[in-house]
Structure formats: C-alpha cells, structure tokens
Amino acid sequence: MTAPVQLVDALERIEGEGLTSIEAADSPGALEELRVRYLGRSGELAGILSRIGQAPPEDRRAIGQAANTAKRRLQEAHSIRQAALEGAEAVGVAKADLTMPGRRAWEGGVHPVTRVIDEICEIFRELGFSKVRGPEAETEWYNFQALNIPLEHPAADMWDTFYLADGVVLRSHTSPVQARIMETHEPPVRVVVPGLCYRRDPFDPTHAPAFEQIEGLAVDEGIDFVEFRSTIEHFVHRFFGRETTARFRPAYFPFTEPSAEVDVSCHMCGGSGCPTCKGTGWIEIMGSGMVHPAVFEAVGYDPERYTGYAFGMGSARIAMLRYGIPDIRLFYEGDARFLAQFR
Amino acid sequence: MKVSVNWLRELAPGIEGSPEDLADHLSMTAVAVDEVHPIGAGIESVVVARVEEATAHPDADRLSLASITVGTDELTGVVVGAPVRAGGLYPHAPPGTTLPGGLKIGARKIRGQTSHGMLCSERELGLGWDHSGILELPPDLLPGAPLAEALGFPDHVLELDLTPNRADLAGHLGVARELAPEGEAGLVLPSFGPAADAWKPTWIDGERDVSAAGMRVVIEDPERCSRFLGIVIRGLRVGPSPAWLAARLWALDGRPINNVVDATNYAMHELNHPLHAYDLATLRGPEVRVRAGREGERLRTLDGEEHALAEVASVIADADGAIGLAGVMGGEGTEVSSATTDVFLECAVFDPLRTRRTARQAGLSTDASYRFERGVDRTDVEKAITRCARLILATAGGRAEEQAVRVGPLPGERTVLELRPSRVRQVLGRSFDREELTGILAPIGFQPANGSGQADDSPLRLYVPGWRNDVTREIDLVEEVARRHGYNRFEGGAFAVRPSSVPDDPAWERAERVRRLFVARGYLEARSASFATERRAGPDAVELHNPLSAEEARLRTDLIASLLDPLEYNLARGRRDVRLFEIGTAFAARRDDEGPPVLPLEELRAAFVVTGGREPEHWGVEAADVDLWDLKGLAEELAEDLLGAGVTPVLPDAAERVGEAGLGSIARWLDGEAFELERQGRVVGLAGRLKDAAVDAPRWAAPVWAGEFRLAAVRLDAEAAFASLSPYPRVGRDLAIIVSEKRTVSELEEVIRRACPPFLESVWLFDVYEGEEIPEGCRSLAWRFRFQAADRTLTDEEVDAAMNAVTIALEDKSDARIRTS
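Line order of the protein sequences matches chains A and B. Going by my numbering, the first residue of the first sequence is number 137, and it counts up by one from there. Going by my numbering, the first residue of the second sequence is number -14, and it counts up by one from there.
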C-alpha cells in the first residue's frame, strides 16, 4: 500500500522539477522531450495516476485533484514556453547560421552597348523619332553615291570599306538607311537607326572592324539649323546631364551641309582638360548637319520644299565614355566577368 | 597638314592672338586643329658653331674630335659621333644645356678625350625626326649666333585635320585668309628681294604643244592635265638654302635638300601648288609631255622605288620615255643635283581622278598627289610658278628665260553662284541681310559679281574664287555663311516634337522580347563582329574581298559560330558556367545571278550557348549541370512564350527540312540530342547539344548546349490575347500506367487529349519509373490531370467518366495497363 502522502509529495516534486525544466527548455526539441517525460502517455504524471488505485479510497479524490492541478500547470508552462520558443525563432534568435549565403538563380545582363542604344533611342522617341533599321550589306550606291559621296574621290577615303563583291560593300556607316527610308516614305520623316557598321580598322583599344552606330534623320518643312542645334543640345542634356554643354564645329560630310561635329564638355574634368579629353576639355560625340540637297534629289524629295538634319554617333564609343571602359575590345570578347557588371 | 604660325603671321600681319587662340578660331570656324606644338623651344642656349678641324678619335673608330669656334678665335674641343667637315656650321649645345628631349649636356670625358658640350642632330633639337647625323646648318648663319633666334624660332606648328573639301587650306595662304581679320585684303606675300621680284615671264601659249626658251611641252591627253606652265632658269648654283628657308621647312617636319628643291616646296606650302624642277641637261629633246603610261614601261622615282607603269597612270615623259609620275613624284634620272646648272621648272594642273589613279597604282601618296587629288586653283598657276622662279633666282642665282611655256586653255570666266537671302533663312533659321552676307563672304574671296539685284530678297551674285573648287552650289555658300558667323551663335529656338510617317521596325520589339527572356533566365548578352573564319562559317558563307585577316575573311552564317569564341574565351579562363546569348545578323550568299550588284541574304537571329551548373553553386543544393531536360525546357519556353511554336525532336529528315529553311548551318553544330522549334509546320529554330568537336573545351567542362532561332518568328506583344478565367472549382486526378517503352510520351498524351472532354484544363507527366515491379521493356508513367469548366462546377461523375474514358483509350490504343499501388 502506498501512503497517500508519498503520492502527493511525488506529485509536488514532479510539478516542481517539471516547471523548472520546462521553463529552462532552450529548443522545441528539448521541450518536446520534457512534454513526453512529464505529460506523455507513459510519462511521470501518468505513472502517478496509474497508482491512484493503490491509495485509500478516501484519499483518491484529493490525489486526483492534485494530479490534475499539476497536469494543468505543466501544460500551461509548456504552452507558454512553446510560444516563447516559437516567437524566439521568428525573430531570429535561432540556431541556423543566418550569415550563410542564400540560394540564388543565375543573373543575366544586358550588354552595355545595348543599354546605351536603348537610352539614346528612348530620348529621341520622346521627340517623335521612330526606330528603323537597314541591311548591313549594302550596294555602293546606297553607301556612297546616294549620299553624295563620289567614288574615287578623297571624300570616299573617309570610310575604309570592306567589299563583298563588285558594287557590294559592308556598310561603312548607318547613313545608307537615310536614303532607303526616304525612298519609301514621304515627309515628315523622323527616324533613328541603330546598327552595326564595318570599317577596315583592325581591333585596337579604340577601334573595331565592326561597331555600333546610331543614325538619326529628321525631314520636314521648316526644319532649320537652329532647330537642329537645339534638338541635339536637348539630347546632350538628357543623356549626359544638364551640366554638360555641347558645341558645334565645322566639319565635312558629303551628305550634310552645313556639316557639324558635335563635342560635349568632358565629364571627367568638366572642361579643364584631362587624359580622357586629351587635354582639350571636349569630347567628340557625333557627326551631323543639315541634309544636303543632293541627297534629297537622289531620293526624289524636293530640296526647295523640305529641309532636315541628320546625325550619326558611335554607340560603342559613347558606352565607353558612359561606363569608363578603356578598351573597345571588351565589348566584343564576351568575357562573362565584364558582361556581368551590367545587370 | 602642318602650318607654321610664324609663317601665317608673315602672310597676314593682322593676325593676333596666341597660337592656341588661332587653333581655337580655326577649329570653330574652318578646320579642326588636332594639336599645337612648339618648334625651337628649349634650345635657347644652343649656338651656331663652326668646325675648324676634325680629326679621328685616337681610341674609338666611330668617334671623331672636332675643334669648333663660336664667333671668337677660341677653340673648343667636342667629341662627335657622326661625320662633320671642317668649315661646316653645326648646332652646339654647350655644357649646362638641357635639350628638348631632356638630355643634359655637361663637359665629360669620352674615351679619354674631353667633350665640351655636343654637336646635335635634328632630332636632338626637336626640329625633326632625323638622327642619322649631325645637322649641318645653312652657311649664311654666323658662328656664335643663338641658333633658335637665327632660325626665326620659337615658332608653333598647328596640326590641321584637313577635310577633303577644303583643299585650299593645304597652303599657308589659304589658312592665313581664314585667320586674317580683313581676309583676302590683309594678305601680303613677302618679298624675295627687289631683283628677284622684278623678274616677269612672257607667256608663250598653246592648246597642246608649245616650244619656247629651248624647251618643248606637249599635253597629249588634256583629260590628264588641263594646264602646264614651265620656266627655264640657266646658270644657277645649286647649294644649301639660306637659314630662313631651311627653318620654314624644318618647322613643317620637312628636310631642306637644296636651294632649288626647297624653293619648290616653299612655294607649295605657301600657295598650295605642287611644283617640280628638272635638271634641264638630263631632259631628252629637250621636251616633256604628259601622256598615259605604257605597258612595259618602267620608271625609278625620286624615292628610289622602281615602278612598272600602266595605261592608268599619267606620266611625264621626255623624248626617250617616262621621267616622272604626273602629279605624284618626279623621276630619279632628271633630279636636280649639285651638278645642275640649268633647270626646267614645272607647275601644272593635273586631273584629280587621274592623279588619284596614278598614285594608287604606284602605291604612293605624296604632298603633290594629296593636293592634286583635291584640286588646285586653275586660275593662279602663273602666280605660283613665277613666285617659285623668283625664289630660285634669289637663292640660287642664274638667269630665268623671259619666254615661258604655257600649255592648255586659259581659265575662262569666273564661276558665279547665286545666293538667296530667303534660302539662307530657310536653312539656317536666322535672317542675314545683304550687307551681312557680303560682309561674311567677300573677305574669303566670294566677291559680289555684277547683276545682283538691289531688292532685299533678290539673289546675291557672287564670284567663286579659284581656290574654292568645292563650292559649286548655293548650299555651299550657306555653309560658308553659317561657319563664318559661328555655329554656336545660332541660338534660341526650342527643340521640336514632330510627327513621323515612318513606323517602327518590329524587329526592335522582337529583339527586346528575346532579350528580356534570356536576361530573366540568367543569360548575359554578348555582341560580336559578324566575321567568321572559314572553319566556323558555313558552306554558303559570303567572302570578303578585302578582309583584314584570315580570321575575319567571311561573314557568319549563324550566330552560334559567333558565340563559340566567347565560350572558349571564358572556359580558357577557368570559368565553368557560361550562359551567353546574342541577337544579330546571319549572312548567306545569294545563289541567283540576276545581274550585279547582288546583296547577300541577311537574317536577324537570336542564339544562346549554355554550359555548367544548373544553378549557382550553393551549400544547400546538390550540384547538377545543365542537361538535356533543361535545354528542352528552355526550348519549350522559347517556342511557347516567344515564337508561338512547338518543340519536336529532330526527325530523320531534319537536315533536309532545316536546309530548306536556311538554318542548315546551325544543324552542323548539334549532335543527335536536338530539337526543332517549329511554327505552323515551318522550322524556325534549332536547339540541342553542341558537338564535342565544335568547341575547344577543357576536360573539366560540362556539356555545352546551344540554340538559335529566327527573330522574325518572334511574336509581338500585340499578338497576345486574353482568355477568360473560370470562376468554378478545379478538380485534380492522377493516373499511372505501365506501358511499353516504345510508346512515346507525346503519342500517349495525344491519346489522352483525344479521350478527354473539353473541360480538361491541363495534364502533365509527373513521374517516370522503370525497374522493380515493372516488366522488362516497359515503364511506368504517371500524369496529373486538372479539370475545370468555364460555365459550371464539375461533378465527380463527370470527372470520373472523363478519367474512365482516358483509361479505356490508353488500354485500347496503347496497350497500357493501369497501375494500382
């Protein structure tokens, strides 16, 4: 026969120990072990209850009440502790080493020249320019004569051209698209033409035999040099920033007249002279000018009625300026370490 | 093109401002100046020394000892590393001098002999590039004189980036005209002395054939040469040029040769007319004629090169044969030498195109050909040759024959162009009144001609000066107005938004869609030149006529060829994971010959290569490489998302189908594990595993997968369409079967789809099992079904009936057995 006092004592001991260890449990696992040990089907509390029958009948009720109280307290403590442990996990005071790297997917990247092309075309799109293209292999006619460039003339030497066959070249500029567009569309014409051009320059830090250019053409009634200048200035401010200034210098392109070379103030030194601008304070960014009447005549536009302007800039060169890239060859080698810098 | 600032100031005394100011002014109104560099700076302490005696160095073969004087009787000993002659004048850098190149001069012993300073080469003084010997100075200098001052230094040289139109700026007078505040009116030609300046020729004229002063000149082909003027000078003394003349040439990087040749070069730099002097005694006839070169004829030019002539070349010939390349370079045999006493001086107008062909055929480009190709002034040949003759008389003495030869038609009426003030306003957007226009144009030679109306809007009639061959129409005058006014003064006016009749080319939107897809899937965009080696270009590749190298001798027939180089580049740098794509043009030769010129076929394509890990390496992921199913998944995404196409395994007749589609060159890169991207029965792309032989990969590299498709097949955003979403619940079922391995999944799915009612929303394979419990030659396949109707909630009975129908169909048509677990 078990003395009832012994059972009550045992209950108190179990409750005391149980509460202490539950409150001290430092992980859900440890807490679960304690739950099993004290509250489980064959736990310590169950062990006491299974021995109630051995107690005298008059004591059984009191022992039962004590056992229920102990069970309730232990369950409460368990719930509180469980909530505390879960809460603690939620705020990160947990066991995982959260400094370990996360799981990532491969990251792609848009080529820096593409980014510059897109940005430039977007600025001109706002001004009503649509985006067109033309063939990279061209006839001599479109590459030269239609643009008022006589063959066998020093002017034609401005472009050292690849030939594919008699009368067929790899276009040495995007300007042939001017003629192609005007032949097939009536004014008003406003287009930008990104595309590859080819010149017989071997690869070196500033040259590539194939390189991206963006051509622009605007033709309408009433377009004049003042409008041309302010449009290009607007572009320069949008692309290079308000603090950048543009200047226009006389130049010669057979398909524009007046022709102008456009410089922008050097972004590195602000115009005081540095290696980037070769000490001049200015960086050349495009050739441009008012469309030559001979080009209008070649495509069947009335040069007395229509005027316009055209420009061409090297997107790869501008990308070099924008991102501080020292060598144009980096664009075409496909080095993933380089390409991954432009996400 | 180099011009000397001192020379410009001499021709136009009104020019003010620093050399940098002048450079800036030219750049902003006429021609870009690339560089301004000083000449004769940093040699202030160098003096003219006279070598009194030169002896061999006792202990060194290649050195000699020179005793020099610098204006007094005091002898100074200098050790010299190159020959000098007693009586000659040389630049002496005394001890303490620092030369322009940074060389510090002291008194030091060389092989036991003390050298008090040194005698200098051209290069050491910064006067040129020659370092082959000590610079012998013109004999008219005085020993002891500071050299720089005696030569008229310091000077500055402007390096002009001359455009092909501004031929007139190849001479100092032309540049001075641009810079002089008064323009043409402010120009003066410096005197060569009263005696020389007083000489005047009497021209003996003829259309094709003229004899005078003992010389005969014939223009056989007026297309090659429109004017030919000649002067005979007898009894001259060939010798070194005076210091001032030598200094002019040094400043321009030229080399003084002798007083006759230097005079022709001086006149060319001043007046922009190439001239040539022949040793009269060597001319057979004596005569010269301009004619076509003859096959088999040979000529050794002044530079010592021998040329085989051809009909395309224009030559100068004497009675025996060719003696010069017309407008390009004289011949060695008739060159003026120290023994020459009589010369025949030539100043002609050679045709630009013929000169260009002559120079090209000979592989030469000279100061003369440069100017003739761009066109010289037909109207002032007399002035140029007379001035050159006077300079020769002044420096080499002799007597010029009064009678001089002049062949070819005289310049006719001056060209007159009309300039409408209204046109100026239309093009430039600013009004210029008539006075402003003449004020801008007259100083640079566009003088008003008779017949200009007086009304504000009547056209101005302007003479075109002979030196402006490039000005042929009104717009050229408009440009003159704009640049002389200053481009940057056309201010005001807002940028305009205007309409365009030209629609966007849809290729750009297609490219953008492709780019977004690949970037989202972790690919880096590559760009390449379109060239390919013979090995990498396909069989129909277009060849370049004038490639830079064998590496770049063809155009790529597909873009995968372009991605292989970057792929190898990255692998070679130890990078195992490479994911690249490119959008660009592929080329193929056109096979038909419907008359030239035939452009090759061009097609925009997109291509990718991928190799290495499926995901970036991570501690919590088991590493796996991109495999066949990743590739097929990508192909499916490309096909479905971009192309509205399907993906099928490459079929036995693929080569044929792909060949017809013009994608044949892609197929050769791929091995058997490949897929076609197919749209409405047409192959539009291919994807698969790259053949091992296609790429030079290290052993540790993972398999490489690649694909390419036509950009034109990419659907545009506008083609997307909305399908309504069902509000009713979706019901799921799974089905597993055991079926012969010979049954393909696509064929079984076809059976399933046919058996299902329209409310089948989707079905996909989720498990494949072979092995235990599955009979030999069979496999277990399991699909997950989703049913959903647009118009009602499906009942269990409906769905059960559908699954029953599928089961029966699979059993009947595919000999499948339902697998129950």
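One thing to keep in mind: the hints can contain errors.
Said to hold, decoys possible - Output of the computed footprint for chain A on chain B, the stretches with three or more beta carbons under 8 Å from beta carbons of chain A:
no.	stretch
1	90 to 99
2	146 to 154
3	226 to 236
4	272 to 279
5	463 to 474
6	509 to 520
7	773 to 783
Since the hints were derived computationally from the structure, they do not count as laboratory data. Even glycine gets a Cβ: it sits at the ideal position worked out from N, Cα and C.
Against the structure, the hints:
For the stretch 90 to 99 of chain B, the stated coverage by chain A is violated: 0 residues have a C-beta nearer than 8 Å to a C-beta of that chain, whereas at least 3 were required. Counting residues of the stretch 146 to 154 of chain B whose C-beta sits closer than 8 Å to any C-beta of chain A gives 4, which meets the bar of three, so the coverage hint holds. Taking a C-beta to C-beta cut-off of 8 Å, the stretch 226 to 236 of chain B contributes 0 residues in contact with chain A, too few for the three needed, and the coverage statement is violated. With 0 residues having a Cβ less than 8 Å from any Cβ of chain A, the stretch 272 to 279 of chain B misses the three-residue criterion, and the hint is violated.
Taking a C-beta to C-beta cut-off of 8 Å, the stretch 463 to 474 of chain B contributes 6 residues in contact with chain A, enough for the three needed, and the coverage statement holds. Using a Cβ-Cβ cut-off of 8 Å, 8 residues of the stretch 509 to 520 of chain B lie near chain A, which meets the minimum of three, so the contact claim holds. Counting residues of the stretch 773 to 783 of chain B whose C-beta lies closer than 8 Å to any C-beta of chain A gives 0; at least three are required, and the coverage claim is violated.
When held up to the earlier numbered hints, the structure conflicts with 1, 3, 4 and 7 and fits the remainder.
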